[in-house]
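Going down the list, the sequences are from chains A and B. Everything in the first sequence is counted per our numbering, starting at 2 for the first residue and increasing by one. Everything in the second sequence is counted per our numbering, starting at 134 for the first residue and increasing by one.
Certain hints may be false.
Claimed, not checked - Taking CB as the label site, the calculated pair distances span:
#	chain 1	residue 1	chain 2	residue 2	range
1	A	220	B	419	33 to 43 Å
2	B	419	A	193	37 to 47 Å
3	B	280	A	187	33 to 43 Å
4	A	49	B	461	39 to 49 Å
5	A	426	B	192	37 to 47 Å
6	A	381	B	192	51 to 61 Å
7	A	44	B	170	54 to 64 Å
8	B	428	A	180	44 to 54 Å
Note that these hints are calculated values from the structure, not bench results. Cβ coordinates follow ideal geometry from the N, Cα and C atoms, glycine included.
Read off the chains here:
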Amino acid sequence: MNVDRKTFLRGLGAGALGLIAARSLGSMEADGYQSAVTPAWTGDNPEEFWRQVRAQFPMTPERTYFNTGGLGPAPLRVLDMLTVASRQLQERVETGHDFFAQARVIAADYLGAKPAEVCFTRNTTEGTCIVAGGLELQAADEVIFESHAHPGGSFPWLNRERADGIVVKTFEPDPVNPQRNLERIAALITPRTRVVQVSHITSPTGLIMPVPAIAQLARAHNLWFHVDGAQSAGMIPVNVAALGCDSFATSGHKWIGGPHETGVLWIRLDRMAQVTPRHVGAYSSDDINLKNPGLFIYSPGAHRYEYGTRNAASVLALAEAMRFQTEIGRDRIAARGRALAQRVRAGLEKIDGVELLTPADPAYSASILTFRSIKLAYGKIFERLLGDHHLRTRPVSEVDLDAIRISAHLFNSPEECDHLVAAVGEVLRKA
Amino acid sequence: MQLDRRTFVQSVGLGALGALAGTAPLAAAPTAAPPLLPAYDAQHPDAFWRAVRAHYPLQDEPVYLNAGGLGPTPQRVLDRVFGTMTEMQAHSEPEHERRIEPARRTLAAFLGAGPEEICFTRNATEANSIIAAGLALGPGDEVIFESHAHPGGSYPWFNQVQRRGVVVRLFEPDPTSAEGNVARVRALLSPRTKIVQVSHITCTTGQVMPVAALAELAHAHGAWFHVDGAQAVGLVPVNLAALGCDSYACSGHKWLGGPHETGALFVRHARLDEIAPTGIGSHTGELPFLPGVLVLKPSAVRYEYGTRNLGLVAGLAEAVRFQEEIGRDRIAAWGRELAAQLRAGLAGIPGIELLSPRADGLWTAMTTLRHPRANAAKFSDYLKRHHRLRCRPVSEQHLEAVRVSLHVFNSRAECDRVIAAVRAAAQEL
Numbered sequence: 002m003n004v005d006r007k008t009f010l011r012g013l014g015a016g017a018l019g020l021i022a023a024r025s026l027g028s029m030e031a032d033g034y035q036s037a038v039t040p041a042w043t044g045d046n047p048e049e050f051w052r053q054v055r056a057q058f059p060m061t062p063e064r065t066y067f068n069t070g071g072l073g074p075a076p077l078r079v080l081d082m083l084t085v086a087s088r089q090l091q092e093r094v095e096t097g098h099d100f101f102a103q104a105r106v107i108a109a110d111y112l113g114a115k116p117a118e119v120c121f122t123r124n125t126t127e128g129t130c131i132v133a134g135g136l137e138l139q140a141a142d143e144v145i146f147e148s149h150a151h152p153g154g155s156f157p158w159l160n161r162e163r164a165d166g167i168v169v170k171t172f173e174p175d176p177v178n179p180q181r182n183l184e185r186i187a188a189l190i191t192p193r194t195r196v197v198q199v200s201h202i203t204s205p206t207g208l209i210m211p212v213p214a215i216a217q218l219a220r221a222h223n224l225w226f227h228v229d230g231a232q233s234a235g236m237i238p239v240n241v242a243a244l245g246c247d248s249f250a251t252s253g254h255k256w257i258g259g260p261h262e263t264g265v266l267w268i269r270l271d272r273m274a275q276v277t278p279r280h281v282g283a284y285s286s287d288d289i290n291l292k293n294p295g296l297f298i299y300s301p302g303a304h305r306y307e308y309g310t311r312n313a314a315s316v317l318a319l320a321e322a323m324r325f326q327t328e329i330g331r332d333r334i335a336a337r338g339r340a341l342a343q344r345v346r347a348g349l350e351k352i353d354g355v356e357l358l359t360p361a362d363p364a365y366s367a368s369i370l371t372f373r374s375i376k377l378a379y380g381k382i383f384e385r386l387l388g389d390h391h392l393r394t395r396p397v398s399e400v401d402l403d404a405i406r407i408s409a410h411l412f413n414s415p416e417e418c419d420h421l422v423a424a425v426g427e428v429l430r431k432a
Numbered sequence: 134m135q136l137d138r139r140t141f142v143q144s145v146g147l148g149a150l151g152a153l154a155g156t157a158p159l160a161a162a163p164t165a166a167p168p169l170l171p172a173y174d175a176q177h178p179d180a181f182w183r184a185v186r187a188h189y190p191l192q193d194e195p196v197y198l199n200a201g202g203l204g205p206t207p208q209r210v211l212d213r214v215f216g217t218m219t220e221m222q223a224h225s226e227p228e229h230e231r232r233i234e235p236a237r238r239t240l241a242a243f244l245g246a247g248p249e250e251i252c253f254t255r256n257a258t259e260a261n262s263i264i265a266a267g268l269a270l271g272p273g274d275e276v277i278f279e280s281h282a283h284p285g286g287s288y289p290w291f292n293q294v295q296r297r298g299v300v301v302r303l304f305e306p307d308p309t310s311a312e313g314n315v316a317r318v319r320a321l322l323s324p325r326t327k328i329v330q331v332s333h334i335t336c337t338t339g340q341v342m343p344v345a346a347l348a349e350l351a352h353a354h355g356a357w358f359h360v361d362g363a364q365a366v367g368l369v370p371v372n373l374a375a376l377g378c379d380s381y382a383c384s385g386h387k388w389l390g391g392p393h394e395t396g397a398l399f400v401r402h403a404r405l406d407e408i409a410p411t412g413i414g415s416h417t418g419e420l421p422f423l424p425g426v427l428v429l430k431p432s433a434v435r436y437e438y439g440t441r442n443l444g445l446v447a448g449l450a451e452a453v454r455f456q457e458e459i460g461r462d463r464i465a466a467w468g469r470e471l472a473a474q475l476r477a478g479l480a481g482i483p484g485i486e487l488l489s490p491r492a493d494g495l496w497t498a499m500t501t502l503r504h505p506r507a508n509a510a511k512f513s514d515y516l517k518r519h520h521r522l523r524c525r526p527v528s529e530q531h532l533e534a535v536r537v538s539l540h541v542f543n544s545r546a547e548c549d550r551v552i553a554a555v556r557a558a559a560q561e562l
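If we strip away everything but chain B, and leave its shape as in the complex, we get (with noise of 0.2 Å):
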């Protein structure tokens, strides 16, 4: 009836590994060294930025303007995904922590965390999810957050609703000053709130939110601060060191150019106890003995578990060294200097109205603009079938509207086709 785990995980992984170091290395990547970006030219970004492109196997065309909803890879993320499967798969070894901890350094150094203070997960939501259902809440609790959120982001709450009779109290953000979005908050806080959540980027509308601000009214009204970091992590840079939340929730496929299927959460070290592990097995912890008490791992490793595509992990390391080399504030602010220029040619658009905020510091290169007749739908539909330009429609709490995404691999001259469209858009439509 004893049931040693600590062995168990050794037999399998370490003593497997002991035992192979006498047979034939692992065979290098498959693939040739990437090629290496330019140096930058501040006389001649666009050069730059071509030498960017080239490194997405994306299609030319239609014009990809959605890294918010799902963004491409570069071509040495996908050589990294398949080289690790390759490799794996000539030995059958899990080698599971010999792979995983050294993309979790990169990713943590990415984000400005301890490596403890970070597990992989497979999107956003799974973050959020595991958030939401692991703090300890009972009905008539609250949670306060922003009706703009995804669903990756509020269907985790409202599963709590059912489930515990957590209470949701919503936010408009407010698009005008970050004052105002921390006045909605403190307006909503009352002695049952127990969380308050915002997207550090809205999804639908681009906006900033005052993400260390809130952290402060939150901790100091004794509540939980959780972040939805989808749109933020790849678009701006993150330090969760200085932003101060508790938890954050990162997507790898979106702005990050990392492999389907990956994101990331951090949970702050000295309150990891507070998120009871939803999924659970290998991994996860130690029990020496069966029946017996289960252990959990001191690290947000706890929220991990069983057998993991290692080949997607290390993707995402790459995707993160990727945006290191082409430098994470110079990322920034392309997508900005291209948002400018797509905001500088719609201004003199009758009747295209600018949903995204027009105060510096709350606008990102995420540009949401609304068509005085056509709906989300119609709208996006048409800039695709006439246009070949690829957004998001919006249709989010009735905004109608659709969303342009610019990033690393788009371009000036695609800026120029969106403004033309978007003219033709308000006389055809």
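One chain only, chain A, in its complex shape (with noise of 0.2 Å):
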């Protein structure tokens, strides 16, 4: 009866997270765990499969989903993780911190990272304000973003900005050619530019920024080279080794597929002592003599930046979630939210008055497809696709913009992307 680690480790961890073969230990049953079996990808009949996968994803039917980039919906098994890992750690009042080891494991292999530089965030912007906030920054050391950049991505800077007095420097976009934006961040290095941020993929419009190349300049001058990866991980595969940059923040809550306050940030391992804790608590050190302080010695590892007791079902369904797009094939949902976007791209460009913000060249784009109408405000646009289309895409108010933006995942099908075609159509002929 005693329960010791061992048994608890049987009861949930291992065999949740599928690190020995023991999905169907009865205790997971016995606790509703639904052990969903992934849909076997058939060439085929490719739509049978998407269609298992959408019968994953416990949507309500009454309206058709396009606002991934915004907040992702979660399939049935990572909810059931969340659901059986709480109530089972809760009978046994454990935090279940063991667990994090292994879900380290499965979110370093899913970014192409190591373990020791993966740490568990809340969101993307966690992330971002760990780098920003622990860089040693000056006053007047210049930092260079896009203007297209999320409040999660800018916000942290403009926070050093308020209390160091640090600059800000934006570029904005080229959405013509995306590789400008090279240029365009080379224009504004200077002897003060510490750091250079974008997003792997924008928010506002989808624009796949040319990440390898900006590593390489910024390595030239010595910068730091901090990637917003909110609107990437889960859309794309993500090889953080092969983008080159220093740090990459993302939300486990958005194309990934995890719960909500879920997040990952990647540091480079040799650069890591480079960005201070500014939180900390029991687990950022193992060795602190209260009788002598003065030295804090950090943990080795990125889970230095995790601190306390932490919601240990959230970062295994999170884990979950990165096991269900590997299983599902990873190449395989890019291929798909692509398809389905250059799909809704046919579409609209039949349609007069439609201009389409997100880039054509496959290379600088994906799953995200934004566009407006001189005919109708973006606002009237989303209200109406919402209101008599049960349609829900995202308003983009950034930038000026004004414009409407689709995110297509793999829950998503042709029909509903034809019937927002066609919704837009209608919208517009009415204009």
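Each chain sits in its own coordinate frame; assemble them with the hints.
Put into structure tokens, the structure is as follows:
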């Protein structure tokens, strides 16, 4: 009856994480774990495969969801993991912190990183705050990022501007020839530049930045290069080693399909010492002597940025979301989203008065498509698509873009895309 | 180059919700209404507490005696967490303000604070860190706190020792009197003292610190007074208006019985601007155009940022409601009653030393005891292996003791088991 660590592991962690073939353990099923089987890919009938994928998302059938870029729904198996793990941890009153190591391996694999380089955050914003708050920056030091940055990407630097007098310089992304973004960044670099940041994929228009080229530029100038990957991880495969950046922050609750308030921050191990933790607590240091304060030795690895009691069930469920995507195939997910976005693009191109803001070049765009119309204000388009046609898109008011953003993800279908195109046509016709 | 943040917030929040108004309302939580607690009958209190215990999915064995480490949640809290999650996953709308503000009002009322003084954190550590990182401090500035502080209370300051050259001054808690602790803090005050911090209740021995008196002392000296309330909120009634501190850190997942990774920070409204935010993003402020000047929200909301798990926040509010239904004074009294029973039983066991204070008003539902020969690890391991009792080893500051936390789900019979087990330990170890 003694619930020791091993029994607990059998009951939840190792099986739940699939590290051993023990998913069918009685204790999980008795707790209502639905052990959903990931649909098997069939080249013969891909639409049937994607219908089975869609069936794993407990979304209301009352409307069609095209806003994964804002908040991504989670598949059942992720929610089941969250529920069962929470309940089992509550019955045993365990934090479940031991499972972080296993989840960290999964998250690191997912990003092409080493486990020691990954910490679990509550969202992309926290990841970017850790980097922006932790770098040693003096007054007049400069940071460069794009004017389309999400508040979660820009506010952490504006906070340093406010507190420490650093200088923020922004560039407008070039939507026609995204390679020119490299030149725009280069033009802003001065001897005082310390940091370059870009969104891997921009939030307003889904433009893919030439990250590896920017990494080379940043490295040549000895700058810290941070990437806001909120819109990329889960939409397209991400390999941070290939990207060449110094740090990469993403959310669990957008394209990855993890629970709300989850995220991952990656920091290159050999540069981690440059990012001093601003928030610390239990687990941030393995060794401190209250009698001899003054030297605070941070834990080796990125878990130094984690502290105190955490929600291990959320982290386990995030790892489960990553496993779900890996089983489906991340290239397949990216190709599906891109094909759906292109289907919408092809349809919208035929509608009078529609202007597409997302680059057409497939090298610089993926599953996001942003458009606007001179015929009707974006707010009206948004409301009519939602109110009259039950289509949830996202209004883009940033930078006076006044547009509508479509996010197409693995649970969306060609029929939904056609419905959207027809609805846009009708809304604009009536305008 | 213009970035209209106000419109951004409206468009993703209010606009969407407004347009949603014509669609179906959110489904009700899929769970049945929680069973009501019976009326409290002073003649038969144990029946009432058994009914309380039935609300917890906590397994019966081993006996759980560590609410001060990690508190179990009642089922209705879990139901609220998952019900909220299920509703939100169906529509995938942020619904941030709609869901977070009622919970903020609930928690603020519970703590005797204004809603604008409360932000939700992931744990008490984050709240302590926000204060330590956010105050303007320079080399040589001094902070005073007790040597028994939890790592979540001390590490944020040691980090400032490293980052900004802050000097830490420690005092050993005086277990004999409230005045003794005031005197020990007073003895450490210097012209460089910028902050005084104490644990409202220490995690090592469950000692109640004289918070209101220390608030007066700190303020007379012009120092910021911060309280780590991780061991107090949910164990004793807390009224922040009466305590007089400038800031107060709460944990949701200890005595309060909220979901894991919940907590809150109180910052007195008049002193809000003295704590510069460390983490910042959506919801923390307004920026009409980029580049431009970021204007922070005029409330503690400024310390929150980005997408949050609103199920956890709703669960925390539910935990508060559960405690209020039981009765907060009743919770504190029950914990003390159990602890008194434990203390009486332990008193006759040779060699067992009580480290928790004996003076009235200084002790609570946490009892820390030391074995004459076994260290903290050996003693707690023995209790767990041989008697199926889960206590917390106290190895901090070489105390080498075991802490027994007694809360609403514990019983007199469990106290008797602890007494019998400690008696056996005194002979066998």
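Right, here's what the structure says about each hint:
Here the CB-CB span from residue 220 (chain A) to residue 419 (chain B) is close to 36 Å, well matched to the stated 33 to 43 Å. Evaluation of the 37 to 47 Å hint for residue 419 (chain B) and residue 193 (chain A) yields a failure: the beta carbon distance comes to about 28 Å. In this structure the supplied range 33 to 43 Å is violated for residue 280 (chain B) paired with residue 187 (chain A), their Cβ-Cβ distance being about 54 Å. A C-beta distance of roughly 57 Å is found between residue 49 (chain A) and residue 461 (chain B), which places it outside the suggested range of 39 to 49 Å.
At roughly 59 Å, the beta-carbon separation of residue 426 (chain A) and residue 192 (chain B) lies outside the given 37 to 47 Å, and the hint is violated. Range check, residue 381 (chain A) to residue 192 (chain B): about 56 Å between beta-carbon atoms, so the 51 to 61 Å window is met. The hinted window of 54 to 64 Å between residue 44 (chain A) and residue 170 (chain B) holds, with their beta carbons roughly 59 Å apart. Distance hint check for residue 428 (chain B) and residue 180 (chain A): the Cβ-Cβ separation is about 36 Å, which falls outside the suggested range of 44 to 54 Å.
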